[in-house]
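Visitor: Each chain is listed here by its residues.
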Amino acid sequence: MKKELKCHIGIGPKVEGVALVAHDNFSARYDLDRIKGVFSRPQHQLFGKSYKDVILVLNTAKGGVATAWMLYEMASRKIAPKAILFNKANTILAQGAALAEMAMVDRFEDGDVTTLIKSGDHIMVRPAEGKVIFLD
Amino acid sequence: MRLNKEEQAMLSGDFGPAIKWAIEHQLQVGRMFDAEDMVPVSQAHMMADPESLGEAGVAFTEKLAETDIKVRIPMITDPRGIDLNYYEPLGQTENMANLERRFIAACKNMGITMTNTCINYQTIMPPVFGEHVAFGDTGVVIYSNSVCGARSNFEGGPSALAAGLTGRTPRYGLHLDNKRIPTKRFRIMEQPQDLMDWGVLGAAIGRMAGSYWEVPIIDEVEKTPTSDQLKHFGAAMASYGSVPLFHLVGVTPESQNVEDVDDTDLEIINVDREAISDLKKPFTAVGEHVDVVVFAAPQLSIIEMAELADICNGRHRSDATDVIVCTSAQVYGDAVSMGYVDKIETFGGRVLVGTCFYQQYAREIGEANGWKRLLSNSAKIVNILGGYGYQPSLASMEACIESAEKGRIVS
Numbered sequence: 001m002k003k004e005l006k007c008h009i010g011i012g013p014k015v016e017g018v019a020l021v022a023h024d025n026f027s028a029r030y031d032l033d034r035i036k037g038v039f040s041r042p043q044h045q046l047f048g049k050s051y052k053d054v055i056l057v058l059n060t061a062k063g064g065v066a067t068a069w070m071l072y073e074m075a076s077r078k079i080a081p082k083a084i085l086f087n088k089a090n091t092i093l094a095q096g097a098a099l100a101e102m103a104m105v106d107r108f109e110d111g112d113v114t115t116l117i118k119s120g121d122h123i124m125v126r127p128a129e130g131k132v133i134f135l136d
Numbered sequence: 137m138r139l140n141k142e143e144q145a146m147l148s149g150d151f152g153p154a155i156k157w158a159i160e161h162q163l164q165v166g167r168m169f170d171a172e173d174m175v176p177v178s179q180a181h182m183m184a185d186p187e188s189l190g191e192a193g194v195a196f197t198e199k200l201a202e203t204d205i206k207v208r209i210p211m212i213t214d215p216r217g218i219d220l221n222y223y224e225p226l227g228q229t230e231n232m233a234n235l236e237r238r239f240i241a242a243c244k245n246m247g248i249t250m251t252n253t254c255i256n257y258q259t260i261m262p263p264v265f266g267e268h269v270a271f272g273d274t275g276v277v278i279y280s281n282s283v284c285g286a287r288s289n290f291e292g293g294p295s296a297l298a299a300g301l302t303g304r305t306p307r308y309g310l311h312l313d314n315k316r317i318p319t320k321r322f323r324i325m326e327q328p329q330d331l332m333d334w335g336v337l338g339a340a341i342g343r344m345a346g347s348y349w350e351v352p353i354i355d356e357v358e359k360t361p362t363s364d365q366l367k368h369f370g371a372a373m374a375s376y377g378s379v380p381l382f383h384l385v386g387v388t389p390e391s392q393n394v395e396d397v398d399d400t401d402l403e404i405i406n407v408d409r410e411a412i413s414d415l416k417k418p419f420t421a422v423g424e425h426v427d428v429v430v431f432a433a434p435q436l437s438i439i440e441m442a443e444l445a446d447i448c449n450g451r452h453r454s455d456a457t458d459v460i461v462c463t464s465a466q467v468y469g470d471a472v473s474m475g476y477v478d479k480i481e482t483f484g485g486r487v488l489v490g491t492c493f494y495q496q497y498a499r500e501i502g503e504a505n506g507w508k509r510l511l512s513n514s515a516k517i518v519n520i521l522g523g524y525g526y527q528p529s530l531a532s533m534e535a536c537i538e539s540a541e542k543g544r545i546v547s
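Chain order of the listed sequences is B and H.
Under the working numbering, think of the first position of the first sequence as 1, with each following residue one higher.
Under the working numbering, think of the first position of the second sequence as 137, with each following residue one higher.
A hint or two may mislead.
Said to hold, decoys possible - Which residues of chain B face chain H? A few of them, derived with a C-beta cut under 10 Å, are:
#, residue
1, Ala-68
2, Ala-75
3, Leu-93
Hints are computed from structural coordinates only; laboratory data are not their basis.
Backbone N, C-alpha and C define an ideal beta-carbon position, used for all residues, glycine too.
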């Protein structure tokens with residue numbers, strides 16, 4: 001198993017935490033109950049799961065611009081993921097990460113990040129270097 | 137990224153802390169998407185409803201406004217979350233309204249024009265071909281890029297605000313010629329008829345396109361669509377696929393000839409009856425009672441208001457079913473003078489001004505009013521509201537009104 005994954009340089013601080021992974025897409029407006037801190041869209045693969053303080057690993061973004069404000073609002077209440085990793089981020093997610101000072105990276109050299117990382121993996125995200133490191 | 141002297145001065149703080157924040161924000165985003173420099177933009181459009189902003193977002197905006205900074209370019213706003221003339225009956229609280237009031241005051245202090253609309257391309261100042269803009273609201277962006285030939289990425293509220301303050305945005309994505317080239321080719325097998333059909337078709341293509349970075353080119357449309365049809369088509373495509381640009385052969389300005397698509401060598405993906413049925417299936421609930429019928433997402437044009445008023449005329453909704461209609465202030469005045477609002481409200485509907493249903497604390501107003509089963513002709517809104525605790529269903533405008541009349545979904 002690889003000890004390190006390379007990706008495009010991203011946004012936000014270096015963080016470490018436990019991964020929560022799904023090959024599904026993401027919008028804070030479409031998919032979350034932001035008061036309870038859980039995925040609330042019944043069709044989402046992470047339905048019912050808490051996103052607080054985890055490192056989300058997902059496929060890409062879905063429509064909607066609200067996430068850009070919502071990540072900041074979520075972070076202000078400390079009910080937010082530590083980082084979000086995508087195969088491909090869209091502009092809104094990146095803009096939201098920049099305002100919220102949340103770690104975000106995408107475009108992994110070794111393929112589909114939702115298969116490269118498993119739920120429960122302990123990882124470190126280094127956006128400025130474009131690296132994700134497995135800690136266990 | 138290369139910065140000119142003025143941009144370097146912005147970064148150094150010579151223009152004050154608000155501009156410094158704005159360009160630092162833009163540089164972070166620009167670097168992530170490999171922008172080489174900034175591009176001047178002529179207009180900005182900001183999405184910022186109080187549910188998305190929360191206390192933190194409102195306080196952030198107030199802090200910028202306190203520096204007495206003004207936007208450098210014409211800047212307008214997406215729908216609000218509160219119709220300040222009608223919020224208590226919806227179950228919205230004074231706290232929600234106060235957040236809205238504070239945000240509006242901060243925006244006005246910065247010189248932002250509170251148009252509160254997601255159909256600015258129909259009512260305010262449509263961008264022109266090749267114009268670089270910084271627009272928020274995915275429906276606004278996809279229409280402006282595709283139908284008008286303008287150039288914008290999805291600019292979330294903070295980035296649209298940053299663009300308004302600096303008068304520019306990082307040059308990446310759809311500001312570049314090579315990011316506007318088709319990457320997936322679709323062929324329409326089932327010709328859409330009404331607004332709902334156009335929304336469903338857009339949704340199906342958006343879902344199959346699947347990424348912000350894909351550019352669908354679509355051919356075999358038999359009849360030139362109207363602005364309202366393209367509005368629903370694009371809004372749904374952006375909603376389901378995060379897609380910011382499409383080319384419709386023979387209709388949109390960057391794909392006027394069939395050779396444009398034949399030269400692409402892209403595999404043809406047929407959007408057939410099965411694809412349309414698959415899309416609609418989760419939103420079918422014939423015979424079920426309906427709590428609320430919603431016409432929104434995007435806000436209704438004056439033509440849609442006229443059509444809706446005509447369908448409502450002489451009828452009345454069931455006591456068990458509420459009807460909410462969202463339009464812009466620019467449309468509302470004409471709709472009043474033409475008697476459309478009166479006909480809709482005599483039917484028992486309520487026309488909200490300058491809001492959009494999903495942007496106005498949808499979860500809270502649903503719980504306050506006991507709304508669970510929601511019916512709409514907007515493919516976009518039914519995609520959004522599942523996560524807010526609704527059971528959304530789709531029907532044509534005519535069938536929505538008939539369902540509201542009977543209190544049950546008729547088709």
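Visitor: Now tell me, hint by hint, if it's right for this structure.
Guide: Hint-by-hint comparison with the structure:
1. Using the Cβ-Cβ criterion of 10 Å, the hint placing Ala-68/B at the interface with chain H is satisfied: the shortest such distance is roughly 2 Å.
2. A least Cβ separation of about 8 Å between Ala-75/B and chain H falls short of the 10 Å threshold, and the interface hint therefore holds.
3. Interface hint at Leu-93/B: satisfied, since its Cβ lies 9 Å from the closest Cβ of chain H, which is below the 10 Å cut-off.
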